[in-house]
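A.B. asks: These protein sequence lines map, in sequence, to chains A and B.
Per my numbering, the very first residue in the first sequence carries number 1; after that it's consecutive.
Per my numbering, the very first residue in the second sequence carries number 1001; after that it's consecutive.
The hints are simulated quantities; they were obtained by calculation from the structure and are not laboratory data.
The reader is advised that the hints may include incorrect statements.
[Unchecked claim] DSS-like, lysine-lysine: derived pairs with alpha carbons at most 30 Å apart:
#, chain 1, residue 1, chain 2, residue 2
1, A, Lys307, A, Lys257
2, A, Lys257, B, Lys1143
3, A, Lys257, A, Lys298
4, B, Lys1014, A, Lys298
5, B, Lys1092, A, Lys257
6, B, Lys1092, B, Lys1014
7, A, Lys307, B, Lys1014
8, B, Lys1092, B, Lys1130
9, B, Lys1130, B, Lys1143
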Amino acid sequence: MKSRHVMTEFFPMAKEVVFIADDLGMSGAINDAILYAHTEGRLGGAALMMGQPGTDDAVRLAREHPRLQVGWHLHLTDSQPVTTARWPWGSSPARAGWAIGLLPSARRLMEAEVARQWELFQSTGLPCRFINSHHHLHVHPFVHRAMRRVVGDGFSGWLRLGRPSYFPPRGPDALIMSFTDRLFTARRRDHRHPSRRLPRISLSPPHPHLSRHAMPARPLIIFTLALLLPALAHAYVPPPAPAPHPLEYPQDTYAFKNETVWNYGNGTVQGGADTTKSQRQYTRRCFVLSRSLVQFWKFATFDPNGKRLDDRQSASGR
Amino acid sequence: VTERSVWLPMLPAKDRVVFPGYHDLREASADRPNIFRENLGLGWAIYFRPGNFPITVPVDRSTEARVNREIYHDLQENYPTIIWAYRFPSLKLNHVLVIYHGTRDASGYHYLVYDPNYDDHPMHLDYDDKTRSFRYQASYYFKGGYVNVRAIYRGLVQ
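Isolated chain A, as found in the complex:
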């Protein structure tokens, strides 16, 4: 108990540590392992997959152990589907995500699966305490939408929407899904149900994956900045009052010019770069000359009757 208070003191965002086992029902061996962890007091809940070889056995075990909190583990890849013989996209969650995103036929299959699996779960009579999915595909926007539509607003459990860790967390699939999940998970956070928490079941230090549930939505900040920066780049504030005089050519411009790095002829590059010291020393200065031209127009003035400064004074502007 003492360590729990200490942990809450120093890790205020890690109040809830939830241990959930996925894949309940995938096979008899997995069921046995989950049950063992639960009866040993290490596991509070398990996510049940419908239509798998061990599903019937898992349902029986769940009924026999009412303290094991059961949730729905939606599966759309790397499993046995319930409305078709096999997944057309195979076992890759990334391929599943792209197919569902791009192909109407894949989307129809996904919607049918979501509806049928939820129907099968409800037919077990087990209370659904939470929802998650195999390979976290429920964070996919289409899957998430279909799942919410099927489950309805009356669902009082919680939905896992942390930052997923993939197994194994390497390879192109993991890279692609890591990026898309950062984006989509942030958008879905607002829809989390307030009663998403399970009772605390362990005093172990928070798992880095679970502790991220309560952290500020960093992906959301990045997403917002990505939208905001282009807007700032185009931001325009009209001048408050007319300037006393316009910028005029040639008196308000320089008597020297920017030199190009490349040799040009008829508007195109001819040959290679020619940056020998004797020929071109003042290159890549179009930004500098244009900017400073306006700076002189705004912030400097010239007095033809004054005494000219030496080079050092001129450079310092004093």
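Based on the hints, put chain B in the right spot on chain A.
C.D. replies: Structure of chain B alone, referenced to chain A:
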């Protein structure tokens, strides 16, 4: 002068940095070009400008129309506009100009611009109302034609 951010408001005459002995910038820079070259700023530093990132965002016609309205409006108030003219992802043009004068007729808008690559005459930039696009005149380094135009140095990320 160049340490003060260019997007800040114009200073009143009494607060300005005075360059005695010259009538204007043209005369001063002709007399001591190296002093100016060495103190205006570094060339490589512009590669790290915060306002560079929008070049990767495609420019649509409505944005160009809005930029044109803003440029013309500012000119009516005597304010020049620093623009970035480019053809990204093509590298045919990547240049910065200062628009300092503009007129309007039935065909569109016609601007006079300061081109840092020339020190003896201004150049011409036009905006076509029908195509809602800018066209820059031909020069020794650009064949002329359509260019993307973005107003820059109006703020920290521009």
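A.B. asks: Confirm or reject each hint.
C.D. replies: Hint check:
no. : hint                  : in the structure
1   : A/Lys307 x A/Lys257   : 27 Å, holds
2   : A/Lys257 x B/Lys1143  : 20 Å, holds
3   : A/Lys257 x A/Lys298   : 21 Å, holds
4   : B/Lys1014 x A/Lys298  : 12 Å, holds
5   : B/Lys1092 x A/Lys257  : 20 Å, holds
6   : B/Lys1092 x B/Lys1014 : 44 Å, violated
7   : A/Lys307 x B/Lys1014  : 18 Å, holds
8   : B/Lys1092 x B/Lys1130 : 24 Å, holds
9   : B/Lys1130 x B/Lys1143 : 22 Å, holds
In summary, the structure is inconsistent with hint 6 from the numbered list given earlier, while agreeing with all the others.
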